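Protein sequences appear in the order of chains A and B. For the first sequence, the working numbering gives the first residue as 1, with consecutive numbering after it. For the second sequence, the working numbering gives the first residue as 328, with consecutive numbering after it.
Don't take every hint at face value.
[What the hints assert, rightly or not] Listed below are the simulated PhoX-like cross-link pairs for lysine-lysine, each with C-alpha atoms no more than 25 Å apart in a straight line:
id : chain 1 : residue 1 : chain 2 : residue 2
1  : B       : Lys476    : A       : Lys108
2  : B       : Lys608    : A       : Lys108
3  : B       : Lys520    : B       : Lys398
[Claimed, not checked] Coverage of chain A stretches by chain B, computed from C-beta distances (three or more under 8 Å per stretch; other residues unrestricted):
id : segment
4  : 107-116
5  : 124-138
6  : 162-172
7  : 255-267
8  : 303-315
No lab work stands behind these hints, which were simulated from the structure alone. Just so you know, these numbers come straight off a predicted model, no measurement behind them. Note that CB positions come from ideal geometry on N, CA and C, so glycine has one too.
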Amino acid sequence: MAVVTVIEAIREAMREEMARDSSVFVMGEDVGRRGGVFLATKDFLDEFGEQRVIDTPLAEASIAGIAVGAALSGLRPIAEVQFADFIWPTVNQMIGEAARIRYGSNGKLNVPMVLRSPYGGHVRGGLYHSQSVESYFAHTPGLKVVAPATPYDAKGLLKAAIRDDDPVIVLEHKRTYRSVRGETPDEDYVVPIGLAEVKREGTDVSVITYGLTLHYSMQAAAELENEGVSVEVVDLRTLRPLDTETVLESVRKTSKVLVVHEDNAAVSVGSEVSALIAEHAFEYLDAPVMRCAGPEIPAMPFAPTLEAAYMPTAEKIAAKLRELVAY
Amino acid sequence: MADAELQTDLPDAPADALTTEDLLDIYATMLLVRTLDERVWAMNRQGKAAIVASSQGHEAAQLASVWALRKNAPDFFCFTYYRDLAVTTALGLTAEDSLRGFLARDGEPLSGARQFPQHGAAPELKFINHSNVIGTHVPQAVGWALGAKMRGEDTVVACFFGDGTTSQGEVHEAMNFASIHKLPIVFFVENNKYAISVPMSRQMAIERYALRAEGYAMPGTTVDGTDVRASYQAASIAVQLAAIGGGPSIVEFDVERYLPHTSDDDDTVYRDPAEIEQARKRDPLEKLHALLSGTGLLSEERDAAMKKRARDEINVATDSAEAAPFPSDEDVFRHVTSET
Numbered sequence: 001m002a003v004v005t006v007i008e009a010i011r012e013a014m015r016e017e018m019a020r021d022s023s024v025f026v027m028g029e030d031v032g033r034r035g036g037v038f039l040a041t042k043d044f045l046d047e048f049g050e051q052r053v054i055d056t057p058l059a060e061a062s063i064a065g066i067a068v069g070a071a072l073s074g075l076r077p078i079a080e081v082q083f084a085d086f087i088w089p090t091v092n093q094m095i096g097e098a099a100r101i102r103y104g105s106n107g108k109l110n111v112p113m114v115l116r117s118p119y120g121g122h123v124r125g126g127l128y129h130s131q132s133v134e135s136y137f138a139h140t141p142g143l144k145v146v147a148p149a150t151p152y153d154a155k156g157l158l159k160a161a162i163r164d165d166d167p168v169i170v171l172e173h174k175r176t177y178r179s180v181r182g183e184t185p186d187e188d189y190v191v192p193i194g195l196a197e198v199k200r201e202g203t204d205v206s207v208i209t210y211g212l213t214l215h216y217s218m219q220a221a222a223e224l225e226n227e228g229v230s231v232e233v234v235d236l237r238t239l240r241p242l243d244t245e246t247v248l249e250s251v252r253k254t255s256k257v258l259v260v261h262e263d264n265a266a267v268s269v270g271s272e273v274s275a276l277i278a279e280h281a282f283e284y285l286d287a288p289v290m291r292c293a294g295p296e297i298p299a300m301p302f303a304p305t306l307e308a309a310y311m312p313t314a315e316k317i318a319a320k321l322r323e324l325v326a327y
Numbered sequence: 328m329a330d331a332e333l334q335t336d337l338p339d340a341p342a343d344a345l346t347t348e349d350l351l352d353i354y355a356t357m358l359l360v361r362t363l364d365e366r367v368w369a370m371n372r373q374g375k376a377a378i379v380a381s382s383q384g385h386e387a388a389q390l391a392s393v394w395a396l397r398k399n400a401p402d403f404f405c406f407t408y409y410r411d412l413a414v415t416t417a418l419g420l421t422a423e424d425s426l427r428g429f430l431a432r433d434g435e436p437l438s439g440a441r442q443f444p445q446h447g448a449a450p451e452l453k454f455i456n457h458s459n460v461i462g463t464h465v466p467q468a469v470g471w472a473l474g475a476k477m478r479g480e481d482t483v484v485a486c487f488f489g490d491g492t493t494s495q496g497e498v499h500e501a502m503n504f505a506s507i508h509k510l511p512i513v514f515f516v517e518n519n520k521y522a523i524s525v526p527m528s529r530q531m532a533i534e535r536y537a538l539r540a541e542g543y544a545m546p547g548t549t550v551d552g553t554d555v556r557a558s559y560q561a562a563s564i565a566v567q568l569a570a571i572g573g574g575p576s577i578v579e580f581d582v583e584r585y586l587p588h589t590s591d592d593d594d595t596v597y598r599d600p601a602e603i604e605q606a607r608k609r610d611p612l613e614k615l616h617a618l619l620s621g622t623g624l625l626s627e628e629r630d631a632a633m634k635k636r637a638r639d640e641i642n643v644a645t646d647s648a649e650a651a652p653f654p655s656d657e658d659v660f661r662h663v664t665s666e667t
């Protein structure tokens, strides 16, 4: 067991998979000599050579499109979009194409590619280095979407994504990159796509969350514990396909649910989780499902006061939990 | 565009010439494709085929490209677009396969009748034509060429698209990348001068698309795409260049579109009938017929027999496809991911 940061876990996942399988390669902006702007591919150029560590022009649509084509031909590309805010040019290829190619070819083709991207804010990133983009992709059948929050999950899910035979969007919260540390096993392992995990057991109320707000929810849960409230925290980890059973199991146990995410609430992952609970666990609920999410504004602003006003922090989550417990 | 104005910037390498046998095979395939194209257009007007995009006027360029790949590349793979009936037929998609697609019947091999006709994939026949969104296949074709190069294969990738597609930003991105990495790919541009209704003058400010090749540091040529031999020569040089590691090229075929964009389009509101009449004088089928009969390679009797064979094949295929059922509704949930 080694204690590593999230970005180190991601780097190790890719390094191990590239060493294990010669069909795996990385492509993206500055992934070569620079090693990626967050150093996810640090030293990869020396280790694997420029054939498998491809610095691309600044052109996200074709980073995705060329990765789709390489995946169709039998390779396993890992395409990096430097910031998720720059992911929109890839929508045509990822949502329009990659998601539909298996279906549209009646199963004759598949697209075993990974598209990695740092997302999320609370890093003074402003409108164009803070966005949460997950709902657009999680809406799309044919894609798989993961959003790990810990080094263990980041490494295990990225490895699972690289080995998966379908296109997987791997969203890495950039604030977790160097701020979150944790243990990862020395031996090879994967975290299966599609499984949530109870990160903290509790009996009074459930928090369903993912990404950076997992950590803020854990802080809020610790705070509530001092007030005599037992909070269960479920980390979705995979946003498509959702692990409905783990969510419902927690709801049946606590009967009160707070859905927490940084993305704004309307038509979001939280909307889907809330709908699933209403459909399948209505009779177990002792209170309405509540949400603590980003506000309905276009993106997270730059000024610290405005950023703080956006962000669902541990304090805001704790306040919502108290409201829910008192219901 | 008169032939005298056409320019060739490709290296002057010899192409493995078309034989008499090749020309007769191309003529037979062109007859079959034209007969099939006319048949499905008629079936659309009968209410039987929901949507048809015609290849009429493009056939010589398409068949010359396939023959150029076959005779000059150790191996090849094609990314095609919706107007490539002659490419897919030459690659082995049968008339009945295509008809099952036009009629959305069970057993349609490209997409299981989930997609518009001619869309889906036949990797066993060396082609993919997945998307209805123009240009998305161009970076994908480049990605396939990257994969072939990384694996050390000697595959030449052929990417076919129309003049309308050349305006997409992804096409620029793809060509730039292909040239940087000297990938084994040929971009075959079938320029019929119309993007649905928008003429060349509103698509680009240059006279011919291949001029853009210079900006990518790749060879580009414009050739009479209604002339099989000229098209074959230009295509072969580009294929050979790709095959020896010389990188990508653009081969622009000057072709004609005799029918509306699709069966849902009405070209009478934007095209002068006299223009189409003039374009008919370049009909690739007529030109190949004139070449073969004029040089004594095709007698009237043989021509009549070939035409009858094409009609018979299409008749049999039509009956068989019409007799096939629609796909089972149980198919709708299959092949979403590897788990389904």
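Hint by hint, where does the structure go against what was stated? Just the numbers, ascending. 2, 3, 5, 7, 8
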